[in-house]
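Let chain A serve as the given structure and place chain B on it in line with the hints.
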Amino acid sequence: MSSTSVYPTPINAFKQSKRSVLSVIVDNEPGILARIVGLFSGRGYNIEALNVTVVDIKNNLSRITIETLGEEKVISQIIAQLEKLVPVHSATNLANLSESYEAEICLVKIEFDNNEQDQKILNFADIYRSRTVQKRQNIVVYEISGTSERINKFLDDLNTIGGIKVELVRSGPIGLGI
Amino acid sequence: MDNENEFTGADILLKALKDQEVDTIFGYPGGAVLPIYDAIFGQNFLKHVLVRQEAGAVHAAEGYARSSGKVGVLLVTSGPGVTNVVTGLTDALMDSIPIVCISGQVPSHLIGTDAFQECDTTGITRPCTKHNYLVKDVSKLSETIHEAFKIASSGRPGPVLIDIPKDVQFAKSKYIPKKDISFREHRIKAGSKNVDKNFVQELVNHIKKSERPIFYVGGGCLNSGPQASQELIKLVNKTNIPITTTLHGLGCFPGEDKSSLGMLGMHGNYEANLAMNKCDLMINVGARFDDRVTGRLDAFSPDSVKFHIDIDQSSINKNVKVDFHTNTDITMTLKEINSFIESNNIELEKKDYTNWWGQINDWRKKECLHYEQGEEIIKPQHAISRLYDLTTQKDTFITTEVGQHQMWAAQYYKFSKPNRWITSGGLGTMGFGMPAAVGAQMANPDSLVIDIAGEASFLMNIQEIATAVQYKLPIKIFILNNEYMGMVRQWQELLHGSRYSESYVDALPDFKKLAESFNAVGVRAKNISELDDAINEMVSIDRPVIADIWVDKKENCFPMIPSGAAHHEMLLSKYDKENPENQEKGKVLV
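Residue numbers (our numbering), protein chains in the order written: chain A, 1 to 178; chain B, 1 to 590.
To be clear, the hints were calculated from the coordinates, so they are not data collected in a lab.
None of these values were measured; they are calculated from a predicted model.
One or more hints might be untrue.
Lysine to aspartate or glutamate pairs mimicking DMTMM-like chemistry, simulated, CA-CA at most 20 Å apart [as the list claims (entries may be wrong)]: (1) B:Lys-553 - B:Glu-502; (2) B:Lys-179 - B:Asp-323; (3) B:Lys-278 - B:Asp-323; (4) B:Lys-150 - A:Glu-72; (5) B:Lys-47 - B:Asp-19; (6) B:Lys-140 - B:Glu-202; (7) B:Lys-136 - A:Glu-72; (8) A:Lys-84 - B:Asp-312; (9) B:Lys-318 - A:Glu-29; (10) B:Lys-140 - A:Asp-27; (11) A:Lys-73 - B:Asp-312; (12) B:Lys-140 - A:Glu-29; (13) A:Lys-84 - B:Glu-584; (14) B:Lys-526 - B:Asp-552; (15) A:Lys-73 - B:Glu-185; (16) B:Lys-318 - A:Glu-83.
Chain A with its partners taken away, still in its complex shape:
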């Protein structure tokens, strides 16, 4: 859609829809989350995951992490729109930083029937170094953290075990520039 220019535009920069993690520092005040969520829905952007918590009590700041999908042009526009909101201090695309660290936490409850399943579950839990939160006779709850990709893989592996029941909750990614 972008108009042509006599200056060449890198072809990939404006075409590919990709996953971005945005880190937004905001004044912790009523309505701020609604402002941000409303901006996304009103302008037709995606929210894949969202995480909000106060990170600086003294200065009353929250950090909001948003995972979104879009072309680079769209992501730049999202950042510009976020930075227009009055309580927003800054909005950063972690991918644009020279170095950043990302993590997510996931709690998985697994119900199983037999010993064979239990062994397989234990095996995967060990490979992915997940922490046992609770274990009962036929229920185990693990806590696993790391990149979203790593958690996805763990869950994919669990799904190869037949006959078990999995219930889970994920925090969505959080991230920090270093």
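Relative to chain A, chain B alone:
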């Protein structure tokens, strides 16, 4: 703990308004703002203008702001009072008009209980304001009001709403004056403080190299203040570069100047759109590449290097990718460009741009605004031309409603100064013009304020004629009466096989009698021989006047870039045929 240094929330509001040098407020009372109305009763610095419906208050505040350069202020009650201003707030947001809306709210302890006249005001107005507040603690009230005014008027201006529960209006606290408030910078969004020297240098280098440059100027130039316009005129005169403006840019540069190509866009001038299409250097000064301006994006000015000056970061690369941009104030930036050219004694060698101007003058020969005025029926274009000729010597402000008459006004009324042209561009709000005229007349009591209207738009906020009469505001409503929603009819003719579905305005009132019933004055022109007399009579009467001008019912607004077409695919008259492929694509656009 009554303390003489403590004031009620209502009094704090009034003190803050005084501190902000507000002298006019548009409003409508109701249960949740009675304490504030009580405070207004006992003072005399603030003139309250009682509108007849809250929509009138918000458009009046917009007209006041646009015509004065100050922040427009309005006061409405909770529930329906504030939901009635949602359209106007959205209008002000789209067109970057600084207004502050004070709304009453049910008492704090009733919030969330579906109380009488309760609504989620901050929730409803969040997407249609630049910022909004619900003040739950009276001790925060002073600071909130001052921040609201600062935010409304800084950077890219816009509407700000402050919702004040009734108990907070009664509660007491200290008043903190404006001078004692230190604003937190990140909340003000005022753009970058320093001019980007690189940008200026690049721009001047490109101007030197360019063969076919053009200035594309928008409402941002207006919002930067009258000095921006002065700097722009200086720069255009120095460089001899042609200039076209958007609907909101009209008046930033004198419309009758030889360098002016007039308005561009959907109903813009042929020469302006062709010049945009063929230019090799585009200098965008505070315009936002709106779809009404660009036409089909993939064919928009394909061969130009694009520079963009805009205080709003999100306007950069939103619709059109630009090559160089700066987020600084326009006045500051233009000043720096002018002084850079002067201090470096830059000779603009191709200063004449002879070939470029030659081509533009060829396009001008098409006379895209030509119309044939017959012996009898008034052509709407002619009505505006005569209005211009007969009022051009006066100190005139023009407001409009939305539709064909608005485009004809933009095409045939020429503006030589900024802030004289007040129209609803982004949102396209029918019913805007008459209350906006009320606001403009409040801000400019000695000037001639004319609302160029269509009969359908005028009916949308007709109640405000009573406001004009009550406050002896001698606004003129100049109705181009064609008995149709003209622009709707035009699109139906061009895109929907002349099936005029619901666009005929049946059962119209007699506007002359209507004026009289409001204690205003009605005049009428039924044919060409009555036109000048009607205009002269309208202008000479020092009271609100409704002029009912009967115009050609079938006239269409040309030139026109149909939706989905490009600048060079303009239709010049009804005899031009549109590319059928574009027509199908255009039908689904707005």
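Here is what the structure says about each hint:
no.: 1; hint: B:Lys-553 - B:Glu-502; in the structure: holds (15 Å)
no.: 2; hint: B:Lys-179 - B:Asp-323; in the structure: violated (41 Å)
no.: 3; hint: B:Lys-278 - B:Asp-323; in the structure: holds (17 Å)
no.: 4; hint: B:Lys-150 - A:Glu-72; in the structure: violated (33 Å)
no.: 5; hint: B:Lys-47 - B:Asp-19; in the structure: holds (15 Å)
no.: 6; hint: B:Lys-140 - B:Glu-202; in the structure: violated (47 Å)
no.: 7; hint: B:Lys-136 - A:Glu-72; in the structure: violated (40 Å)
no.: 8; hint: A:Lys-84 - B:Asp-312; in the structure: holds (8 Å)
no.: 9; hint: B:Lys-318 - A:Glu-29; in the structure: violated (29 Å)
no.: 10; hint: B:Lys-140 - A:Asp-27; in the structure: holds (16 Å)
no.: 11; hint: A:Lys-73 - B:Asp-312; in the structure: holds (16 Å)
no.: 12; hint: B:Lys-140 - A:Glu-29; in the structure: holds (13 Å)
no.: 13; hint: A:Lys-84 - B:Glu-584; in the structure: violated (37 Å)
no.: 14; hint: B:Lys-526 - B:Asp-552; in the structure: holds (10 Å)
no.: 15; hint: A:Lys-73 - B:Glu-185; in the structure: violated (27 Å)
no.: 16; hint: B:Lys-318 - A:Glu-83; in the structure: holds (14 Å)
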